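Participant: What follows is each chain in one-letter form.
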Amino acid sequence: MIVNLGPSHPTTHGTLRIILALEGETILKATPEMGYLHRGVEKLGENLSYQQFIPLTDRLNYCSSIMNNVGYTCAVEKLLGIEIPKRAQQIRVLVSELARIADHIVCVGVNAVDIGAFTAFLYLFRQRETVYDLFEMAAGQRLHTSFTRIGGLFRDIPEGFVPLCERFLVECEASVDECERLLTHNPIWHDRTKGIGAISPEDAVNWGYTGPCLRAAGVPQDLRKAQPYLGYETYDFDIPVGTTGDVFDRYLVRMEEMRQSLRIIRQVLDRLEPGPVNVDDPKIALPSKEKVYTRMESLIHHFKLIMHGMEMPVGEVYSATEAANGELGFYIVSDGGKNPYRIRVRPPCLPIFSSFHDQVKGCLIADAVAVLGAMNIIAGELDR
Amino acid sequence: MIIEHIDAQLPGAVTDRHAFRGDQTIVVAKENLLALVDLLYREGFQLLVDITAVDWPEREQRFDMVYHWLNLASQERLRVKVPVADGGTVPSLTGHFKTADWFEREVFDLFGIRFDGHPNMKRLLTWDDFPGHALRKDFPLDGGDPFCMEGCTAPYNNGERARD
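Residue numbers (our numbering), protein chains in the order written: chain A, 1 to 384; chain B, 1 to 164.
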């Protein structure tokens with residue numbers, strides 16, 4: 001029998017259809033169909049200036065937009081060969097880790113709902129709201145933040161951000177504890193997650209897994225440690241690793257990663273010092289509005305940056321950051337023009353999801369739902 | 001480091017190379033791609049991070065196939081580029097890397113490059129009758145009317161919009 005799982009089914013997490021060939025409840029074949037959004041993000045990127053592409057990166061993974069902003073601007077800064085000020089680096093780390101927590105909250109919480117555990121979702125989502133309050137304070141937006149700029153940030157974090165963030169650190173830790181008490185030793189949770197979607201480390205690498213799914217399979221690959229950026233090498237944190245790569249291990253890895261992110265945020269708050277949040281280069285960073293309105297040079301620089309764009313070197317770079325789902329890469333080819341000649345987004349979700357059929361073959365439909373949620377399926381990352 | 005190994009074990013395979021902002025790039029002919037992949041796999045480049053293409057319509061070899069590899073042990077990255085002519089094919093890497101399956105289908109879908117030996121060379125993101133290949137430089141940005149296909153007075157023809 002053929003059954004369509006999605007695209008409107010709540011467990012398919014967005015516009016995704018999976019065509020299941022079944023023998024009773026057992027899955028013989030799973031054929032995914034994505035591309036319902038088809039926003040043409042890479043095509044658009046070739047026709048927008050480097051700055052204008054930032055809001056499109058929000059839409060790549062709508063659960064952790066800010067990490068996509070950070071990943072993209074890091075790639076352009078690599079192309080330019082510039083380093084941003086220390087405070088900007090620290091704030092990028094701060095908001096990235098907040099976004100990682102928010103993303104993991106969605107993944108773990110919604111996966112639990114898919115499997116039938118509703119309370120854990122409510123406990124965790126309370127903290128996600130606080131993260132979005134913090135993003136609103138910093139970026140003026142809750143979901144599509146567009147917080148970074150090439151050479152720094154849209155603006156500095158405002159007054160009131162740090163006290164709320166400190167309160168969040170305490171409350172979020174308590175919520176993670178609560179969630180673990182509900183799920184980690186729950187026999188029903190074990191029955192639904194243990195041994196489901198298990199994958200060997202060799203297969204995980206061969207399928208191109210990165211992020212929590214790869215680490216759950218036992219491969220301790222994390223770009224924050226392996227190829228540090230934004231000063232991650234100066235923070236003290238651990239990389240949780242699983243053994244079987246099943247749904248349960250992916251859950252455990254994400255829970256521990258939330259704790260480690262809280263650890264990193266605490267260190268950022270301890271070392272945050274005043275300073276600029278943009279590079280001191282008028283040919284890259286937009287001047288403040290105050291200067292645009294009062295100084296002729298700033299007005300000219302503003303005009304030149306908006307109308308003509310930055311002077312980009314000719315070359316190609318691949319820059320990767322450790323996003324919530326894994327390696328988020330941006331491959332940019334520049335021909336020296338105002339727009340990128342080619343911009344390629346390497347989303348973590350696509351390679352992970354390409355193994356979906358292998359993961360669910362021979363399982364029950366209910367297991368397919370558990371596996372799908374544990375992969376943290378983000379339709380925006382699957383689409384182009 | 002790896003480039004010296006490639007030079008020693010596959011002499012003449014690398015036709016061009018450059019380094020920019022710390023990224024190592026080598027260019028190989030498609031005839032040498034599978035031998036190179038065998039070598040890379042043995043040398044520890046077992047994570048095929050990404051496969052994509054770049055369209056250069058004015059060049060004789062119109063497309064650059066671009067592969068990004070990562071060595072998990074040494075954390076060394078390598079970019080391999082393979083020039084391909086319009087209508088030409090490239091050997092599929094699905095025999096070595098399972099992840100190549102969808103990446104190659106995506107390249108076929110959006111650029112129209114075919115892969116020899118791919119087990120399921122179907123479009124990945126767009127529907128089967130989608131006209132043209134959206135990431136080619138001559139495909140219009142506005143997309144025109146993609147639902148206007150057969151019998152339409154102004155259809156696409158291989159990515160180019162017919163003039164009235």
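Since the hints were derived computationally from the structure, they do not count as laboratory data.
Every value quoted in this text rests on a predicted model; they were computed, and no experiment measured them.
One thing to keep in mind: the hints can contain errors.
Residues on chain A that point at chain B, a partial pick, calculated with CB under 7 angstroms [as the list claims (entries may be wrong)]:
| id | residue |
| --- | --- |
| 1 | Lys78 |
| 2 | Trp207 |
| 3 | Gly208 |
| 4 | Lys225 |
| 5 | Ala226 |
| 6 | Leu230 |
| 7 | Gly315 |
| 8 | Val317 |
| 9 | Val333 |
| 10 | Arg342 |
| 11 | Arg346 |
| 12 | Pro351 |
Virtual Cβ for every residue (Gly too), placed ideally from N, Cα, C.
Participant: Does each hint fit the structure? Answer for all of them.
Facilitator: So, going through the hints one by one against the coordinates:
Taken as an interface hint, lysine 78 of chain A checks out: its beta carbon lies about 5 angstroms from the nearest beta carbon of chain B, inside 7 angstroms. Because the beta carbon of tryptophan 207 of chain A sits about 5 angstroms from the nearest beta carbon in chain B, less than 7 angstroms, this interface hint is met. A hinted interface residue such as glycine 208 of chain A counts as satisfied when its beta carbon comes closer than 7 angstroms to some beta carbon of chain B; here the least separation is about 3 angstroms, so the hint holds. A least Cβ separation of about 10 angstroms between lysine 225 of chain A and chain B goes past the 7 angstroms threshold, and the interface hint is therefore violated.
Hint status for alanine 226 of chain A relative to chain B: holds, with the closest Cβ pair at about 5 angstroms, below 7 angstroms. Annotation: leucine 230 of chain A was flagged as interfacial toward chain B, and the flag is violated, the nearest CB pair being 16 angstroms apart, outside 7 angstroms. A hinted interface residue such as glycine 315 of chain A counts as satisfied when its beta carbon comes closer than 7 angstroms to some beta carbon of chain B; here the least separation is about 4 angstroms, so the hint holds. The beta carbon of valine 317 of chain A comes within 5 angstroms of a beta carbon in chain B, closer than 7 angstroms, and the hint placing it at the interface holds.
This hint holds: valine 333 of chain A has a C-beta 6 angstroms from the nearest C-beta of chain B, less than the 7 angstroms allowed. Nearest Cβ of chain B to the Cβ of arginine 342 of chain A: about 5 angstroms, under the 7 angstroms cut. The hint holds. For arginine 346 of chain A, the interface hint holds, the least distance from its beta-carbon to any beta-carbon of chain B being 4 angstroms, beneath 7 angstroms. At its closest, the beta carbon of proline 351 of chain A sits 5 angstroms from a beta carbon of chain B; the interface hint therefore holds under the 7 angstroms criterion.
Comparing the model with each earlier hint shows violations of hints 4 and 6; every other hint is respected.
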